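Asker: Sequence:
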Amino acid sequence: MEAVAEVAAQFDGFDSIGVTFPGVVVDGVTRSAANVDKSWLDAPAARLFTERLGKPVTVLNDADAAGVAEVAFGAGRDQSGLIMMLTFGTGIGSALFLDGVLLPNTELGHLELDGGDAELLASDRARESEDLSWEQWAARVERYLRHVEMLLSPRLFIVGGGVSKKSEKFFPLLDIRTPIVPATLLNNAGIIGAAIAAGQAAAGPGGQHPGAIPVDAAAPAAHA
Numbered sequence: 058m059e060a061v062a063e064v065a066a067q068f069d070g071f072d073s074i075g076v077t078f079p080g081v082v083v084d085g086v087t088r089s090a091a092n093v094d095k096s097w098l099d100a101p102a103a104r105l106f107t108e109r110l111g112k113p114v115t116v117l118n119d120a121d122a123a124g125v126a127e128v129a130f131g132a133g134r135d136q137s138g139l140i141m142m143l144t145f146g147t148g149i150g151s152a153l154f155l156d157g158v159l160l161p162n163t164e165l166g167h168l169e170l171d172g173g174d175a176e177l178l179a180s181d182r183a184r185e186s187e188d189l190s191w192e193q194w195a196a197r198v199e200r201y202l203r204h205v206e207m208l209l210s211p212r213l214f215i216v217g218g219g220v221s222k223k224s225e226k227f228f229p230l231l232d233i234r235t236p237i238v239p240a241t242l243l244n245n246a247g248i249i250g251a252a253i254a255a256g257q258a259a260a261g262p263g264g265q266h267p268g269a270i271p272v273d274a275a276a277p278a279a280h281a
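Quick note on numbering: our numbering labels position 212 of the sequence shown as 269, and the sequence is numbered without any gaps.
No false leads were mixed into what you were given.
Each computed SDA-like pair below joins lysine to any residue, with the alpha-carbon atoms no more than 20 Å apart:
hint, residue 1, residue 2
1, Lys-222, Ser-186
2, Lys-112, Glu-59
3, Lys-226, Ile-237
4, Lys-223, Ser-190
5, Lys-226, Arg-200
6, Lys-112, Pro-101
Listed next, with one range per pair, are the computed distances between beta-carbon atoms:
hint, residue 1, residue 2, range
7, Phe-68, Trp-97, 23 to 29 Å
8, Val-64, Arg-200, 32 to 38 Å
9, Phe-68, Ser-137, 32 to 38 Å
10, Gln-67, Gln-136, 30 to 36 Å
11, Ser-210, Asp-84, 28 to 34 Å
12, Arg-234, Met-58, 40 to 46 Å
The hints are simulated quantities; they were obtained by calculation from the structure and are not laboratory data.
Just so it is clear, the structure is predicted and the values come from calculations on it, not from any experiment.
Even glycine gets a Cβ: it sits at the ideal position worked out from N, Cα and C.
Using the sequences and the hints given, assemble the complete structure.
Answerer: Written out as structure tokens, the structure is:
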């Protein structure tokens, strides 16, 4: 809470705030805590942040936020059908969009692979902690992506997270059917998506879904 307050204090002139969270968020309540302290389970995060910051706060899943930004401004813009944003970092985040509309809280990084969470094998943290070569890690990512292809048959994979800046090191090693591209906004996608979500929430019920209102019509928003 204090870290977010410190970030927000660096800005002024905003009406609302967007905060991303690495887990399921339903109506402002954080419902899972796979990679953060368990005290976040069932925490009324939006209310707590609103009380602490003194401005309306929208809280959403971090991968969903990254996807929202890519659909508004990046690789997912004007894409029809089913597209999937994946963020490879501490875990694997996912965001699913059908004709530009978000299906929130998919958490597909927790699909089972080899009897455990896929993100334990194929996240960027796994690559670093196990000191995997790009070839070794890409083989794991490929198995994960093929599993997702089998289940959902998306039209496009958009890859974000810090590792998206190094896509040239592993994209050529992937043998999958679905087109795959790095996030246009790279690791800034989640920040931009948080601001979009805050602006859309401030616009009222008609602005709750990505693309429901023009992005430039959103209220000024800070992000954390």
